[in-house]
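So the sequence lines, in the order shown, correspond to chains A and B. Those letters in the first sequence? Residues 1 to 595, per this note's numbering, in order. Those letters in the second sequence? Residues 1 to 595, per this note's numbering, in order.
Don't read these hints as lab results, they were simulated from the structure. Check before you lean on any hint, since a few could be wrong.
No distinction is drawn between identical chains; accordingly, a pair holds when it is met within one copy or between any pair of copies.
With a Cα cut of at most 25 Å, we get these calculated DSS-like pairs of lysine-lysine [claimed, not checked]:
hint	residue 1	residue 2
1	528	331
2	75	573
3	558	331
4	260	179
5	268	491
6	127	491
7	127	179
8	573	260
9	268	173
10	595	86
11	176	12
12	573	435
13	484	170
14	127	177
15	558	435
16	418	558
Number of protein chains: 2
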Amino acid sequence: MIAERLTTLRQKMKECGMDAYLVPTADYHESEYVGPYFKCRAYITGFTGSAGTAVITQDEACLWTDGRYFVQAAKELQDTGVTLMKMGQEGVPTVIEYLQSHTKEGMTLGFDGRVVNENLGETFEEKLPERFLSYRNDLIGDIWSDRPALPAEPVWILDQKYAGESALDKLAKVRKKMKELNTSVHVLTSLDDIVWMLNIRGNDIPCNPVVLSYLILTEEEGHLFIQDKALNDDVKTYLHDLGMKLHPYDAVYDFISEIKGQNILLEKGYVNYTICQSLMAENTITDHMNPTTSLKAVKNPTEMENIRKAHIKDGIAVTRFIYWLKQNIGKLPIDELSAAEKLESLRKEQEGYIEPSFETISAYGPNAAMCHYQPTENDFAQLKPEGFYLVDSGGQYYEGTTDITRTIAVGPLTEEQKEHFTITAMGTLRLGNAKFLHGCIGVNLDYLARSAFWERGLDFNHGTGHGVGFLLNVHERPNDIRWKVAPERAKYAVLEEGMLTSDEPGIYIEGSHGIRTENLMLCRKAEKNSYGQFMNFEFVTFVPIDLDAIDTQYMAEKDVELLNTYHKEVYEKISPYLTEEEKEWLKEATRPLKK
Amino acid sequence: MIAERLTTLRQKMKECGMDAYLVPTADYHESEYVGPYFKCRAYITGFTGSAGTAVITQDEACLWTDGRYFVQAAKELQDTGVTLMKMGQEGVPTVIEYLQSHTKEGMTLGFDGRVVNENLGETFEEKLPERFLSYRNDLIGDIWSDRPALPAEPVWILDQKYAGESALDKLAKVRKKMKELNTSVHVLTSLDDIVWMLNIRGNDIPCNPVVLSYLILTEEEGHLFIQDKALNDDVKTYLHDLGMKLHPYDAVYDFISEIKGQNILLEKGYVNYTICQSLMAENTITDHMNPTTSLKAVKNPTEMENIRKAHIKDGIAVTRFIYWLKQNIGKLPIDELSAAEKLESLRKEQEGYIEPSFETISAYGPNAAMCHYQPTENDFAQLKPEGFYLVDSGGQYYEGTTDITRTIAVGPLTEEQKEHFTITAMGTLRLGNAKFLHGCIGVNLDYLARSAFWERGLDFNHGTGHGVGFLLNVHERPNDIRWKVAPERAKYAVLEEGMLTSDEPGIYIEGSHGIRTENLMLCRKAEKNSYGQFMNFEFVTFVPIDLDAIDTQYMAEKDVELLNTYHKEVYEKISPYLTEEEKEWLKEATRPLKK
Chain A
1 MIAERLTTLR QKMKECGMDA YLVPTADYHE SEYVGPYFKC RAYITGFTGS
51 AGTAVITQDE ACLWTDGRYF VQAAKELQDT GVTLMKMGQE GVPTVIEYLQ
101 SHTKEGMTLG FDGRVVNENL GETFEEKLPE RFLSYRNDLI GDIWSDRPAL
151 PAEPVWILDQ KYAGESALDK LAKVRKKMKE LNTSVHVLTS LDDIVWMLNI
201 RGNDIPCNPV VLSYLILTEE EGHLFIQDKA LNDDVKTYLH DLGMKLHPYD
251 AVYDFISEIK GQNILLEKGY VNYTICQSLM AENTITDHMN PTTSLKAVKN
301 PTEMENIRKA HIKDGIAVTR FIYWLKQNIG KLPIDELSAA EKLESLRKEQ
351 EGYIEPSFET ISAYGPNAAM CHYQPTENDF AQLKPEGFYL VDSGGQYYEG
401 TTDITRTIAV GPLTEEQKEH FTITAMGTLR LGNAKFLHGC IGVNLDYLAR
451 SAFWERGLDF NHGTGHGVGF LLNVHERPND IRWKVAPERA KYAVLEEGML
501 TSDEPGIYIE GSHGIRTENL MLCRKAEKNS YGQFMNFEFV TFVPIDLDAI
551 DTQYMAEKDV ELLNTYHKEV YEKISPYLTE EEKEWLKEAT RPLKK
Chain B
1 MIAERLTTLR QKMKECGMDA YLVPTADYHE SEYVGPYFKC RAYITGFTGS
51 AGTAVITQDE ACLWTDGRYF VQAAKELQDT GVTLMKMGQE GVPTVIEYLQ
101 SHTKEGMTLG FDGRVVNENL GETFEEKLPE RFLSYRNDLI GDIWSDRPAL
151 PAEPVWILDQ KYAGESALDK LAKVRKKMKE LNTSVHVLTS LDDIVWMLNI
201 RGNDIPCNPV VLSYLILTEE EGHLFIQDKA LNDDVKTYLH DLGMKLHPYD
251 AVYDFISEIK GQNILLEKGY VNYTICQSLM AENTITDHMN PTTSLKAVKN
301 PTEMENIRKA HIKDGIAVTR FIYWLKQNIG KLPIDELSAA EKLESLRKEQ
351 EGYIEPSFET ISAYGPNAAM CHYQPTENDF AQLKPEGFYL VDSGGQYYEG
401 TTDITRTIAV GPLTEEQKEH FTITAMGTLR LGNAKFLHGC IGVNLDYLAR
451 SAFWERGLDF NHGTGHGVGF LLNVHERPND IRWKVAPERA KYAVLEEGML
501 TSDEPGIYIE GSHGIRTENL MLCRKAEKNS YGQFMNFEFV TFVPIDLDAI
551 DTQYMAEKDV ELLNTYHKEV YEKISPYLTE EEKEWLKEAT RPLKK
């Protein structure tokens with residue numbers, strides 16, 4: 001099947017004079033996750049993982065993906081004629097290096113410019129000189145006869161009691177920033193930015209309540225490119241009252257070609273190449289982080305209050321799930337899929353719950369050592385009454401987005417497992433209890449989460465924390481906690497009051513166990529004095545950290561104190577919503593430890 | 001006197017058609033400290049502090065300096081006709097802002113291009129458009145009739161037993177880097193870089209054993225511009241054997257004007273404007289950190305071994321000083337100057353001691369709250385048997401450069417003083433005991449030194465650590481420990497094995513006390529495993545931290561353990577060189593504490 005598709009594609013490439021064709025994993029909006037309509041790379045290679053890039057020439061077809069997917073990709077690419085390129089492995093060229101060596105001057109590289117951002121397009125221009133870039137055709141779209149329809153889920157208005165700020169006020173702030181940057185037009189195409197600014201939500205990407213749309217803002221006007229069928233009359237009136245002129249979703253390309261002589265504010269890494277190339281021909285571009293991105297990262301007081309509420313609800317669901325699991329392990333048959341379903345059913349009992357905020361990672365034993373493991377209908381494990389079960393999940397609530405990981409002892413543990421669990425909890429708690437001067441970025445604080453690992457010659461190979469949206473994407477810029485400095489990002493990443501960030505150290509021992517403990521935390525102002533404005537974090541996630549896996553011999557007195565303080569709060573906040581049996585169990589599960 | 005000088009200067013400015021004349025504090029090599037020949041700013045304003053910039057117009061003369069010098073500058077500028085511009089104070093324009101508002105298009109800004117680096121010159125070009133920059137005249141030199149002579153101290157060869165690597169090998173490494181960067185000529189004018197590469201030393205700047213010189217390197221040739229009278233025959237032969245062609249010091253400008261059509265490696269922030277402007281007219285410039293800078297920061301095994309030796313010597317001197325002070329305070333009259341002299345006399349007893357590595361900060365009581373306080377013959381305090389005495393000093397030894405701060409209880413302390421002293425010691429010890437993955441920069445680790453302060457809403461307003469040279473400048477790039485990310489610096493600042501860095505948290509309470517505890521530490525490799533290369537630090541400074549000022553109630557168990565471990569090593573390393581009385585005292589001064 002893949003072979004046939006490749007043959008058809010190669011025929012098309014010949015017709016269009018393309019020597020190589022590149023298919024990334026992206027939609028027209030640089031979204032982190034893409035829906036079925038945009039799974040072109042999966043269509044042409046057969047590889048269904050969430051990340052990968054394909055390059056097809058007349059002689060070869062190659063698929064680049066990262067370490068998470070080497071096993072799955074090898075399986076799925078078998079007999080397809082597609083070669084797996086293991087990213088980061090010695091001797092494996094990058095996509096760019098491959099294109100450099102497999103195309104010559106005068107040749108043509110084809111791709112759909114709508115699924116490549118401007119920064120990547122400019123990298124092609126720079127690194128592949130004397131090649132012609134043909135970006136106006138979607139060859140996969142041309143040959144994909146049974147392509148799923150574009151989603152057009154109903155758009156709904158996020159009430160001000162949840163949003164905390166009117167869309168008109170947000171628009172005014174963005175327009176003020178446009179003016180400060182001496183720009184007359186702002187082109188905004190990232191979906192979470194658009195729906196945040198307009199206080200609307202939808203469901204065009206699973207788990208991400210966004211709406212397929214493009215927005216062009218001037219000082220006086222707003223042009224929203226959106227599918228009409230997604231809008232009811234109330235929403236249309238609402239958008240009209242915000243000053244939005246509505247256009248068909250795909251009319252944006254013609255519209256943009258008419259913009260001339262303007263200074264345009266846009267963020268090249270988040271606007272597609274087709275749009276940027278069209279604009280750059282006749283306008284000047286001010287490449288700057290979308291003003292909405294820094295605005296929405298800083299939650300307002302209403303959002304903060306709602307986030308606390310959402311996390312109590314989520315905490316009740318996850319706490320009850322742990323209780324259920326502890327009671328039933330070894331008695332009922334439980335597997336990774338049924339456990340995740342149970343958790344989802346408990347979340348659904350909570351008022352205001354909408355959907356998961358991402359696909360649940362439900363992993364037993366050695367499976368949890370694969371950071372991004374997800375069970376499938378064809379491949380999942382039974383839980384046995386020994387070792388650890390890890391669940392990383394979250395919910396979308398009207399009051400906000402949650403993201404929590406707990407690792408649960410479902411039976412006897414080894415000493416090593418206890419030590420690893422204990423230092424992971426220490427990392428989460430130490431970071432969450434940081435106090436620091438305003439101006440710090442995550443890079444200043446990451447050591448707190450890692451020191452207990454690094455002292456032992458251990459580490460975890462992922463960032464410690466990411467920003468989280470408000471009833472929006474579970475991964476949100478620009479705040480994060482990591483130790484490697486990305487100079488271009490550093491200036492935007494100062495931790496501000498109202499930012500919501502995850503705190504999720506972990507450890508992954510191949511073939512044995514995986515542990516991660518994740519809380520979300522709001523950044524808050526502490527005292528201000530002659531030294532400056534001090535800041536700290538407020539945990540909003542309240543679910544017990546499994547004391548069955550804690551061994552205080554690895555902890556300092558202060559670590560024990562932090563754990564006890566956290567557990568006291570868990571009990572106070574969650575117990576009022578539990579049954580007597582659950583409450584009794586929680587009392588024990590949050591008991592203070594002694595050093 | 002200053003008024004007369006200003007009148008003469010203004011006359012000169014008129015003759016040269018200059019509307020404003022700028023006098024920074026610099027030599028021709030962007031050195032951190034300058035000798036008497038280069039004190040033009042002090043000559044024209046009367047302000048003798050180590051940092052400041054003067055701008056003179058026909059109507060005004062202004063002097064910018066920072067908070068350290070507000071009091072001194074106000075005093076020295078009185079009745080001179082020079083206005084003090086307090087940098088960083090609200091409403092005070094920066095030098096650039098002042099020039100923008102006090103010069104108009106078509107006007108001329110004059111300065112000696114040899115004492116302004118290329119980056120600053122380019123800032124003038126950018127921020128002062130339509131002004132003419134006249135940089136070829138040294139007007140202060142023209143009017144300064146009794147200007148001191150240029151120093152020309154004897155140059156000597158640093159034996160390989162100290163340097164650990166031959167100059168030929170160093171030259172080869174630099175030439176390799178030139179090639180990697182596709183450059184044919186390297187212009188190197190920073191003095192510590194030149195003498196490090198050639199394994200020579202001199203004494204042309206007090207405390208910095210450097211030699212006034214410029215170096216131009218090609219693949220085959222080396223041209224050293226240096227004062228002939230500073231060289232004896234041995235040194236000449238040595239330099240000749242390195243392939244160096246010797247030219248008069250100031251012949252560099254004519255030489256450079258002959259270079260054409262080359263790609264030139266130089267670092268714009270460290271080469272003067274006159275040189276760069278001349279080169280840029282006829283060549284292309286590759287602006288890159290001097291290869292010598294990153295090479296010399298990483299001490300080789302011989303240097304590391306020598307550094308340890310130098311620090312034992314220095315540790316003996318400082319330990320004996322503390323003993324002397326503790327025995328004699330309240331009995332002998334001791335003041336800030338005589339205490340510093342005593343310390344210097346004890347250093348002089350050490351074999352291989354050359355000179356101080358910077359001007360000693362000797363500060364009693366509230367004086368220590370001024371970070372950069374130095375007593376003068378006219379203004380110094382008596383030590384009383386109460387509170388703290390702080391001494392920040394260092395030595396140049398054949399085996400390396402030292403830099404140490406100890407704060408010593410010379411009598412009863414308040415509870416607050418003890419708490420402040422204790423958290424300062426905790427900061428020094430926690431940072432020095434960091435373990436981290438290779439790739440970390442100081443920004444990742446600074447929290448360790450500050451957390452005990454920040455938890456209490458306290459801070460210190462200076463960096464935590466700086467690089468230190470080998471028998472060279474006490475402040476050396478690129479390694480440092482600080483919490484604010486400087487994006488442009490981050491990529492060079494990765495902590496590598498062999499880097500020598502200071503670790504010096506402190507606290508400064510105006511009118512009351514100042515505390516700082518400073519050790520130097522070598523960065524070392526720890527274990528390497530699948531997570532990567534782990535790194536840690538090795539303290540090289542061994543002098544007791546005053547237990548009379550420690551209160552364990554503020555310390556975690558781990559902090560006490562770190563202090564005890566450090567003190568054990570201090571006793572082991574230093575006691576063999578002490579008298580019986582000193583040894584007995586040291587035993588007590590390094591006794592293990594209990595939590």
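Against the structure, the hints:
1. 528 to 331: Neither: 55 Å inside a copy, 44 Å across copies.
2. 75 to 573: neither (47 Å within a copy, 62 Å between copies)
3. 558 to 331: neither (38 Å within a copy, 44 Å between copies)
4. 260 to 179: within (18 Å within a copy, 46 Å between copies)
5. 268 to 491: This pair counts as both: shortest intra-copy Cα distance 17 Å, inter-copy 24 Å.
6. 127 to 491: Between copies only: 23 Å across, 27 Å inside.
7. 127 to 179: Intra 35 Å, inter 22 Å, cutoff 25 Å: inter-copy only.
8. 573 to 260: neither (57 Å within a copy, 75 Å between copies)
9. 268 to 173: within (21 Å within a copy, 39 Å between copies)
10. 595 to 86: Result: close neither inside a copy nor across copies, 47 Å intra and 53 Å inter.
11. 176 to 12: Neither: 47 Å inside a copy, 49 Å across copies.
12. 573 to 435: within (23 Å within a copy, 37 Å between copies)
13. 484 to 170: neither (33 Å within a copy, 31 Å between copies)
14. 127 to 177: between (34 Å within a copy, 23 Å between copies)
15. 558 to 435: both (15 Å within a copy, 20 Å between copies)
16. 418 to 558: both (19 Å within a copy, 21 Å between copies)
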